[in-house]
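Turn these sequences into a full structure, and let the hints steer you where they fit.
What follows is the residue order along each chain.
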Amino acid sequence: MKVVTGIPVLDDLIDEIPNGKTLTYWINPEVEGDVFAMQTIYTNVEEGLKCAYTTITISPESILAEFEEFGWNVKDFENFEIVDLYSEYVGYPSKYKYSANPLKIDEVCGLLKNVLEEFDVIYIPISSIIDVCGDESISCIESIFKLVKEKGKVLITSFVSWPYPEKIKKIVGDLSNAIVKIGGIHHRVILGYYYGLVKVDWKNVKSKSILFKLVRPGGVRAYIPKILVTGPYNAGKSTFVHAVSNVALSVDRLGTTVALDHGHLEYKGFSIDLFGTPGQERFDPILRMLGKDALGVILVVDSTKPETFPRAKQMLESVTHFGLPYVVAANKQDLSNALSPEEIRKKMYLPEDVPIIPISASKGEGIFKVIDALLDILVGSWKEGENEFEIST
Amino acid sequence: MSLRSQLEDILKDLKSTGDIEASAIVSRDGLLIAADISANVNAEAFAAMSATMLGAAETAMTELGKGIPDRVVVESSNGKIVATGAGEKALLVVMTSPKANLGLILLQIGKASRRVEELLG
Chain A
1 MKVVTGIPVL DDLIDEIPNG KTLTYWINPE VEGDVFAMQT IYTNVEEGLK
51 CAYTTITISP ESILAEFEEF GWNVKDFENF EIVDLYSEYV GYPSKYKYSA
101 NPLKIDEVCG LLKNVLEEFD VIYIPISSII DVCGDESISC IESIFKLVKE
151 KGKVLITSFV SWPYPEKIKK IVGDLSNAIV KIGGIHHRVI LGYYYGLVKV
201 DWKNVKSKSI LFKLVRPGGV RAYIPKILVT GPYNAGKSTF VHAVSNVALS
251 VDRLGTTVAL DHGHLEYKGF SIDLFGTPGQ ERFDPILRML GKDALGVILV
301 VDSTKPETFP RAKQMLESVT HFGLPYVVAA NKQDLSNALS PEEIRKKMYL
351 PEDVPIIPIS ASKGEGIFKV IDALLDILVG SWKEGENEFE IST
Chain B
394 MSLRSQLEDI LKDLKSTGDI EASAIVSRDG LLIAADISAN VNAEAFAAMS
444 ATMLGAAETA MTELGKGIPD RVVVESSNGK IVATGAGEKA LLVVMTSPKA
494 NLGLILLQIG KASRRVEELL G
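Just so you know, the protein sequences line up as chains A and B, in that order. Heads up: the first sequence begins at 1 in my numbering, then just goes up one per residue. Heads up: the second sequence begins at 394 in my numbering, then just goes up one per residue.
Calculated from the structure, these hints are not laboratory results. Bear in mind that the values here come from a model prediction, so they are computed numbers and not experimental data. Be a bit skeptical, because a hint or two may be false.
Stated by the list, open to error - Quick list of in silico lysine-lysine cross-link-like pairs, DSSO-like style, CA-CA up to 30 Å:
#1 A:LYS226 x B:LYS459
#2 B:LYS473 x A:LYS292
#3 A:LYS226 x A:LYS169
#4 A:LYS146 x A:LYS213
#5 B:LYS504 x B:LYS405
#6 A:LYS151 x A:LYS104
#7 A:LYS305 x B:LYS473
#8 A:LYS146 x A:LYS208
Unchecked claim - Away from chain B, derived, C-beta distances all over 10 Å, residues of chain A:
#9 PRO8
#10 ASP15
#11 ASN79
#12 LEU254
Yeah, the Cβ is synthetic: ideal placement off N, Cα and C, and Gly gets one too.
Written out as structure tokens, the structure reads:
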């Protein structure tokens with residue numbers, strides 16, 4: 001049987017989840033991550049595989065309603081079953097064929113093992129089970145992981161990374177054959193969500209992060225982040241876009257950008273679209289249009305022309321009104337009269353924590369440090385957890 | 394006769410076609426060269442956005458391997474805008490009433506743009 005994740009890009013990376021393997025969705029508590037497991041289960045239900053979805057802290061009815069909300073009518077499939085650990089937990093008799101009282105961990109363990117015998121793909125919310133059944137449930141979970149391997153089934157789990165004991169995190173992390181981490185992009189508020197493969201032990205895969213939006217109905221949809229490159233006239237925005245991009249095109253006339261520059265960049269596992277704006281005041285309506293839905297801003301300034309800084313700041317204000325993160329690229333550092341980043345910070349009255357990166361766009365110097373700085377702000381939380389797992393190579 | 398008044402004459406002749414509410418000759422980088430526009434229209438913005446529109450359309454078309462487009466026509470229930478190249482340095486943009494006869498107007502715009510091209514090179 002061929003089991004897939006049903007998640008965009010992820011399936012292209014890993015092809016399938018081989019029989020006997022466990023894939024864990026490692027979810028940051030700030031993110032609505034249940035949908036990943038639901039999408040995986042539904043995709044395989046549609047393919048005709050026997051799938052079971054375990055619920056413990058949410059009623060089966062709510063789970064089914066949520067499936068429905070995403071347009072996944074699992075109820076209509078005979079090869080789908082709910083494993084109900086909820087009803088008896090709250091003191092109701094269960095209507096479902098597979099149910100147990102989660103306060104009796106042996107009962108739960110026995111049930112899950114039976115389900116594993118009967119079904120091809122099963123989903124277990126590990127962290128919720130630990131929440132309800134306590135730390136002692138971890139030995140049951142360990143035995144289930146082992147059984148999956150023995151019986152050649154596929155286990156999908158979710159682990160919401162609250163501060164559980166390190167021991168538990170390590171057990172779950174080590175036993176999972178693949179881990180997909182799901183987190184948020186922060187800057188004062190959460191700007192977006194991403195998921196990324198951080199571990200897979202059956203294939204050589206480069207780590208990749210994908211930004212996503214939830215669509216109802218539809219589920220997880222990958223999208224490409226848009227970064228706005230703006231700055232005063234003649235600061236070198238187009239040169240910058242062309243220098244960092246794999247492919248780029250410009251709409252420029254008589255040496256100045258009249259509509260936009262567009263560049264696409266594959267960098268550190270991210271697909272990024274760069275949109276360069278015109279710099280002259282008469283094009284300001286375009287600036288606001290291009291700024292919509294951007295995830296970050298790169299402000300390019302000519303370090304030799306402090307008289308253009310007020311305009312630079314005004315442009316920044318008009319595109320960052322929603323609190324978008326930004327970095328400043330101090331361009332033309334190859335010229336002798338260029339101001340240093342700290343002089344620019346002083347002259348522009350920029351906060352201490354705003355990165356100002358010295359670059360020479362025409363010589364291609366320092367340009368990727370600008371992208372790094374912006375990614376750092378955007379996915380800083382991702383990096384903190386980077387060493388949590390080893391990515392097998 | 395100054396270059397400017399010669400260009401303005403071209404716009405005046407164009408207006409005699411009828412149904413033309415405003416017209417302008419704009420440098421490719423979006424600066425106003427000559428205009429026949431009523432005072433309640435922001436001529437500078439009209440000029441800049443015309444250059445943006447035509448520039449973006451030209452790039453979109455050439456990227457698809459379909460060559461440089463002859464013109465961009467934008468239609469709304471309140472009127473039409475036609476932007477066309479007038480040589481390498483300039484473009485001609487015209488705003489019409491909603492019921493304008495586009496066929497006749499396109500013909501006149503074609504003639505006018507060639508005259509602009511001759512003057513501006």
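Hint by hint, here is what the structure shows:
1. A distance of roughly 27 Å separates the Cα atoms of LYS226 (chain A) and LYS459 (chain B); the hinted pair therefore holds under the 30 Å criterion.
2. The straight-line distance between the Cα atoms of LYS473 (chain B) and LYS292 (chain A) is roughly 26 Å, inside the 30 Å bound, and the hint therefore holds.
3. Taking the CA atoms of LYS226 (chain A) and LYS169 (chain A), the gap is about 34 Å. The hint is violated against a cut of 30 Å.
4. A distance of roughly 34 Å separates the Cα atoms of LYS146 (chain A) and LYS213 (chain A); the hinted pair therefore is violated under the 30 Å criterion.
5. Note on LYS504 (chain B) and LYS405 (chain B): the hinted pairing holds, with a Cα-Cα distance of about 13 Å set against a maximum of 30 Å.
6. For the hint pairing LYS151 (chain A) with LYS104 (chain A), the CA-to-CA distance comes to about 25 Å; that is within 30 Å, so the pair holds.
7. Between LYS305 (chain A) and LYS473 (chain B) the alpha-carbon distance is near 42 Å, which puts this suggested pair outside the 30 Å criterion.
8. Note on LYS146 (chain A) and LYS208 (chain A): the hinted pairing holds, with a Cα-Cα distance of about 28 Å set against a maximum of 30 Å.
9. No beta-carbon of chain B comes within 10 Å of the beta-carbon of PRO8 (chain A); the shortest separation is about 26 Å.
10. The claim that ASP15 (chain A) is not at the interface with chain B holds, since no C-beta of that chain comes within 10 Å of its own (minimum 33 Å).
11. No beta-carbon of chain B comes within 10 Å of the beta-carbon of ASN79 (chain A); the shortest separation is about 46 Å.
12. The Cβ of LEU254 (chain A) does not lie farther than 10 Å from every Cβ of chain B; its closest approach is about 4 Å, which violates its non-interface assignment.
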